[in-house]
Amino acid sequence: MEILRVQNLVKTYGKGENKVKAVDDVSFSVEKGELVAIVGASGSGKSTILHLLGGVDRPTSGKVYIDGKDIYSLSNDNLAIFRRRQIGIIYQFYNLIPILNVQENITLPCDLDGQNVDKERLSNLLKTLGLENRAMHLPNELSGGQQQRVSIGRAMINNPAIILADEPTGNLDSKASDEIVSLLKLSNKKYNQTVIIITHDLEIARQADRVITIEDGKIIGDERN
Amino acid sequence: MNILNKFTLKSLSKNKKRTIVTIIGVALSTALICAVAGMLMSLKKTLIDTEKQNNGSFHIRFENVPKEELKYIENNQNIKGYFYSQEIGFSYLENSQNENKPYLYVLGLDDEALANSGLKLIEGKMPQNENELVISNHIITNGRVEFKVGDTITLDIGNRVHNSGYVLSKYNTFDYGSSSNEPNIENSEKIIDTASKTYTIVGIIDRPSYNTMEPFSSPGYTVITHLTREQIMQGKNANISVYLKDPSDRTEMEKLINTITDTIMEDTKAEVKVIKNSELLRFEGNLSDNSLTAIYNIVGIVIAIIVVSSVFVIKNSFNISVSEKTKQYGMMSSVGATSKQIRKSVLFEALFIGLIGIPLGILCGIIAVVVLVWLVNLLTSDIILNDSVLFLYGLPLEAILITVATSSITIFFSAIIPAIRASRITPIEAIRESKDIKIKAKKIKTSKLTKKIFGIGGVIAAKNLKRSRKKYRTTVISLVVSITIFIALSSFLQDGLKMTGYYYNDYGYNISVLANIDKETQLANKEKLEIYNEIISNFNLTDYSYNYERNGQIDLEKYGSQENKDIHRSTTDNDASDNLDTIEIVKLDKNYFSRYLKELGVKEEKNTAILTDEFMYSTENNPQRVIRLFNIKDGDNINIITEEGEKNITITKVTNKPPMGFYSSSSVGYIFISEESDLISTDICYLDRLLINAEKPNELEANLLDMVKTDVKYAGLSINNIEANAEAEKRIILIMSIFLYGFIGVITLIGVTNIFNTITTNMILRSKEFAMLKSIGMTKKEFNKMIFLESIMYGAKSLLIGIPLGVGLSYLIYRSYAQNIEFGFRLPMMPILLSMLFVFIIVGLTMKYSLGKINKQNIVETIRNDNI
Chain A
1 MEILRVQNLV KTYGKGENKV KAVDDVSFSV EKGELVAIVG ASGSGKSTIL
51 HLLGGVDRPT SGKVYIDGKD IYSLSNDNLA IFRRRQIGII YQFYNLIPIL
101 NVQENITLPC DLDGQNVDKE RLSNLLKTLG LENRAMHLPN ELSGGQQQRV
151 SIGRAMINNP AIILADEPTG NLDSKASDEI VSLLKLSNKK YNQTVIIITH
201 DLEIARQADR VITIEDGKII GDERN
Chain B
1 MNILNKFTLK SLSKNKKRTI VTIIGVALST ALICAVAGML MSLKKTLIDT
51 EKQNNGSFHI RFENVPKEEL KYIENNQNIK GYFYSQEIGF SYLENSQNEN
101 KPYLYVLGLD DEALANSGLK LIEGKMPQNE NELVISNHII TNGRVEFKVG
151 DTITLDIGNR VHNSGYVLSK YNTFDYGSSS NEPNIENSEK IIDTASKTYT
201 IVGIIDRPSY NTMEPFSSPG YTVITHLTRE QIMQGKNANI SVYLKDPSDR
251 TEMEKLINTI TDTIMEDTKA EVKVIKNSEL LRFEGNLSDN SLTAIYNIVG
301 IVIAIIVVSS VFVIKNSFNI SVSEKTKQYG MMSSVGATSK QIRKSVLFEA
351 LFIGLIGIPL GILCGIIAVV VLVWLVNLLT SDIILNDSVL FLYGLPLEAI
401 LITVATSSIT IFFSAIIPAI RASRITPIEA IRESKDIKIK AKKIKTSKLT
451 KKIFGIGGVI AAKNLKRSRK KYRTTVISLV VSITIFIALS SFLQDGLKMT
501 GYYYNDYGYN ISVLANIDKE TQLANKEKLE IYNEIISNFN LTDYSYNYER
551 NGQIDLEKYG SQENKDIHRS TTDNDASDNL DTIEIVKLDK NYFSRYLKEL
601 GVKEEKNTAI LTDEFMYSTE NNPQRVIRLF NIKDGDNINI ITEEGEKNIT
651 ITKVTNKPPM GFYSSSSVGY IFISEESDLI STDICYLDRL LINAEKPNEL
701 EANLLDMVKT DVKYAGLSIN NIEANAEAEK RIILIMSIFL YGFIGVITLI
751 GVTNIFNTIT TNMILRSKEF AMLKSIGMTK KEFNKMIFLE SIMYGAKSLL
801 IGIPLGVGLS YLIYRSYAQN IEFGFRLPMM PILLSMLFVF IIVGLTMKYS
851 LGKINKQNIV ETIRNDNI
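For the record, the sequence lines run as chains A and B. Start counting the first sequence at 1; every next residue gets the next number (my numbering). Start counting the second sequence at 1; every next residue gets the next number (my numbering).
Keep in mind the hints are simulated off the structure, nothing from the lab. Cβ coordinates follow ideal geometry from the N, Cα and C atoms, glycine included.
Quick list of in silico lysine to any residue cross-link-like pairs, SDA-like style, CA-CA up to 20 Å:
id	chain 1	residue 1	chain 2	residue 2
1	B	LYS344	A	LEU79
2	B	LYS657	B	ASN693
3	B	LYS10	A	ASN140
Incomplete in silico selection of chain A near chain B, CB under 7 Å:
id	residue
4	ASP57
5	ASP77
6	ALA80
7	ILE97
Derived list of chain A stretches under chain B, where covered just means 3 residues or more per stretch with a C-beta under 8 Å from a C-beta of chain B:
id	stretch
8	43 to 56
9	102 to 110
Given these sequences and hints, build the entire structure.
Here it is, written out as C-alpha cells:
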C-alpha cells in the first residue's frame with residue numbers, strides 16, 4: 001500500500017542570477033511500513049525534501065500525497081492539523097520546548113489536537129524509549145541521546161502515517177546513535193511504522209530497506225537493500 | 001488546561017522578572033488612567049457639591065403654584081423628590097441704607113427646604129417654628145441695619161402692589177423714583193393687606209444665592225422662617241422645588257416644565273414662575289454650554305496620550321516575549337499547532353498580565369486619588385478662607401469600569417500585533433532561525449573612526465545598535481518622550497514660580513485696606529481717614545502708609561523725554577492736549593514720607609518733592625528697556641497745571657525708588673509730597689488705600705475681617721492680603737507641580753519598564769554571541785567597555801533628540817505667555833542636566849544588571865546550549 005507519493009517536486013530559492021534549485025523535479029513513492037534512508041552530501045537538498053514531505057515548508061511546484069491526501073492543497077491551519085495527526089518529525093537538534101517536561105513534550109501533538117492522551121500508550125512509549133524515569137524532567141536535564149528519544153516519542157505519540165527524521169544522530173556519539181537507530185527500526189518493525197531518515201551516515205543507510213541518493217536536488221540512485 | 005496556555009504560563013514564570021516588569025508597566029498605565037478619571041470625578045463631585053451648597057440641592061423650582069395643582073408635580077414620574085416653600089410677603093425694613101432695597105421679603109421653608117436651599121448659617125440656628133426667623137447678613141453689611149441674634153421684631157407683612165394695582169413680586173425691582181427712605185411717600189408702589197407678626201431672630205445666614213433665591217435686583221432682603229407642610233397647605237400659593245431623576249436629559253426637562261406650566265395655566269389661569277438651578281444643572285450635564293466639556297476634552301486627550309504611549313511600551317514587552325519564543329512557536333507549529341492556537345496563546349498571555357496588572361493598577365489609582373485629594377485639601381485648607389468646599393473623593397463604579405475598559409483595550413492593542421506575528425511564524429523559519437538575522441552588511445557599516453577611537457568593542461557595539469535598530473527605536477523613543485515632557489513641564493513650572501515671585505516680591509506691604517465710602521471726596525476722605533486711624537491705633541501699626549492722589553498736567557514739549565514724546569505721538573491724535581502729559585501728584589502721610597525721605601537720604605523740608613518717572617518700555621521690535629519720561633533733574637523748577645491753577649514745584653530729587661505701593665512699570669510720572677505740603681490742597685485729592693506691612697499679615701487680616709463682621713461701620717471695608725494671595729498662588733503651583741511631576745514620573749516609569757525589558761532581553765538573547773566573543777579572547781574589561789559604549793551610544797542618541805525637542809517645546813510654552821512677563825527665555829539648564837543624569841543612570845543600571853547576569857554564565861555551556 002502506497003503511503004507517500006511525491007510528484008515532480010521543485011523548490012527554488014532566490015531570484016534571477018541568485019536562483020538556486022534546492023529540489024529539482026523529484027518524484028518517488030514509499031510503501032507503508034518501509035524504512036527509507038535519504039542520503040546525500042551536505043547542501044544536496046535532502047533536508048529541503050524532508051521539510052517538504054513534512055509539510056513545514058511549501059514547494060515551488062509539484063505535489064506531495066500522504067495517505068492519498070494532497071497535503072499542499074490544505075490551508076496553513078488545516079496543514080498544521082494534518083501535521084499533528086499524520087506526520088512525526090525528528091530534528092537533528094531535537095527542538096524540544098525547554099520549559100515543558102519530557103511527558104509534556106511528548107504529548108504536545110495530542111494536546112494541541114485537544115485529544116485525551118492514551119495513558120497506556122504513553123507509558124508503553126516511555127518504556128520503549130527508556131524514559132520511564134525521566135517523564136518529569138526538563139529537556140536540559142537530559143543527555144543529547146535522551147533528548148532525541150523524547151523527540152522520537154513526540155513523533156510517535158499520535159501514531160502518524162509517516163515519521164520523518166532529519167539527521168537524527170548528527171549530534172550524537174556512536175553509542176547514542178545506535179540506540180536511536182534501533183528505536184526507529186523497532187518502531188518500524190513493531191508498529192509497521194513508515195520511517196524516512198535523512199542521513200549522511202552510510203552505516204545507518206545500510207540498515208534501511210531502501211536508500212535514495214540525492215545530488216544537486218535530484219535523485220541519482222534508488223536502491224533496495 | 002490547554003497545553004499552549006500551560007506553555008505560556010510556564011514561559012511567564014520562567015521569565016519572572018520580565019513578567020513582573022511588564023505587569024508593573026500595565027499597572028502603572030492603568031493607575032494613571034484610573035487616577036485621571038478619579039480626579040475628574042472628584043472635581044465633578046466637588047463642583048456639584050459646591051453648587052448644591054451655594055445654590056441649593058434641587059433642579060427646578062415652580063413658584064406660585066396653586067395648591068390644588070401641586071399634585072401634577074408631586075406625581076410626575078420624572079421627579080425624584082421635592083420640597084416646599086411659601087412667600088409670606090413683604091414688609092418695610094426701617095432705616096435701610098440701600099434705597100433699592102427698602103423691604104424685608106419673608107419666606108417660609110419646610111424642613112427639607114431649609115436643609116436643601118443652599119443656606120449657610122453664620123451664627124445662631126435655623127428657625128424651628130413659624131415664630132422664628134433667620135436674617136441674611138446682607139441686611140447688616142449692605143442695609144446697615146443692626147440686628148442681633150435674640151432680637152425680636154414685629155413686621156407688618158403684606159402684598160407689594162403697584163399704584164396701578166398690579167401685584168409685584170421679588171423679581172420686580174423697587175421703583176426708586178423718590179430717594180426717600182421713608183415708606184409710602186411718593187413711591188409708585190406700596191404694601192397693602194398687611195398683617196402684623198412678631199418674630200424672634202434665631203440666626204444669621206449668608207446672603208442667599210442670587211441664582212436661585214434672592215436676585216441682585218430684588219427689592220427686599222430675604223428673611224426666612226419655618227413652616228410645616230400643613231401650614232403651607234393652609235396658606236396661599238406655594239413654591240415647589242424638585243429634584244429630577246435624570247437631570248442630564250435636557251429635552252425631557254423642558255418637556256416636563258412645559259407640561260406642568262401648561263396644565264396649571266389651563267386649570268387655574270395662574271402663571272407659574274420657573275426657576276432653574278442652572279449652575280447645578282450645568283455640572284450635571286444638562287446645559288449645552290457645559291463647563292465640564294473643556295475639562296472632559298483635556299482629560300480625554302491626556303488619557304489618549306497615556307493609552308498611546310502605553311500601547312507603544314506594552315507592545316514592546318509582548319514583542320520581546322514573542323521573539324524570544326519564535327523558535328518554540330515554530331516548533332509548536334511544526335508539530336501541528338494552528339496559527340489560531342498560537343495567536344490565542346499570545347492573547348492568553350495578555351489576559352494573564354491584564355488580570356493581575358489591571359486590578360493592581362486600579363488599586364494604586366484609587367490610592368493615588370485618595371492621597372492627591374488629601375494633599376490638595378491639606379495644601380488649600382488654610383489659604384481658602386471661609387465658605388470653602390473641601391475637594392471631595394469621587395470614584396464611582398463607572399470610573400473604574402472606564403479604566404478597566406480602557407486598560408483592556410490598551411493591552412489588547414499591545415498584544416494583537418505580536419500575536420499575529422507569532423501566528424505567522426512558519427516552522428521552517430524557526431528551524432532555520434532566519435527571521436532574526438535578516439541584515440545586510442551595508443546597513444550595519446560603521447566608520448573606521450569608530451574603530452580607531454573605541455577599538456573593536458566599539459565597532460561591535462555600534463554594529464549591534466544598527467542591527468537591532470527597531471528594537472532600540474522603542475527604547476530611544478520612550479526615553480525621548482520622557483526627556484521632552486520633563487524638560488518642557490519643568491521649565492514651565494519654574495517660570496510659573498518665577499512669575500509669582502515677580503508679582504509679589506517688591507510691594508513693600510502685605511495688606512491693603514480700602515474703605516469704600518460713596519460721598520463727595522472731602523467728606524469721604526474724612527470718614528476714611530477716621531477708619532484708617534482707628535485701624536492703625538487698634539492694632540498698634542507702625543509700618544504703614546496712606547496717600548492722597550490727584551492728577552496734574554505737565555508741558556510735554558518742555559519737560560518730556562524723546563521716548564515719551566514718541567509714545568504720545570503714536571498713541572494720541574494731533575490736537576491741543578497733545579502738548580500736555582498727565583503727572584500724578586501724591587501726598588504721602590507724614591510719617592511714611594519722613595521714612596521714605598530718610599531711605600533716599602534727602603533732608604525733609606516742608607515742600608520737599610520727589611519725582612519718579614522710570615518706565616519699563618517695550619515695542620514690538622524692541623524688547624523691554626527702562627526709559628525716563630521726563631528730562632527733569634534734581635533741583636529743577638517745574639510748572640504743573642492742577643485744578644487749583646498752575647503750580648510751581650521744585651523737584652528736590654529724582655529717584656527710581658518709588659515708595660511702597662507704587663511701581664516703576666506704570667507709564668505715569670509721580671511727584672511725591674508730604675500730606676502737610678501746601679503745594680496742592682488735600683481737599684481736592686482722593687484718599688487711596690491704607691497699606692500695611694504687617695509682621696503677621698494673616699493674623700491681622702483675620703482681625704480686620706472680624707471687625708467687618710461685627711461692626712456695621714466697617715462693613716464697606718475691602719481687605720487684600722497680598723501675602724496670602726502670593727502664598728495661594730505658590731500653593732496652586734505646588735499642587736500643579738505635584739500633578740505634573742507625578743504624571744511625568746509615572747509616564748517615565750512606564751518607559752523605564754520598557755527600557756529594562758528591552759535591554760535585559762537583548763542581553764540575554766545575545767549571550768551566545770557574548771560567550772563566543774569571550775571564548776575567542778575578549779577580556780572582561782574589554783567586554784564591559786563594549787557594553788558601556790553601547791549604553792552610552794543610545795543614551796546619547798535619545799538625549800540628542802529629546803533635549804532639543806524639550807527646549808523647543810518649553811520655548812513654545814514661554815512664547816504663549818511671554819507678553820505678560822518681564823524676563824527673557826532662558827535655556828532650562830537644570831532640567832537638561834537632570835534628564836542627562838537620569839538617562840545615564842537608568843541605562844547604566846539596567847546594563848549593569850544584565851551584565852552581572854551574563855558574566856555569571858559559563859562560556860562553554862552557553863555556547864553549547866541551544867535551547868536558550
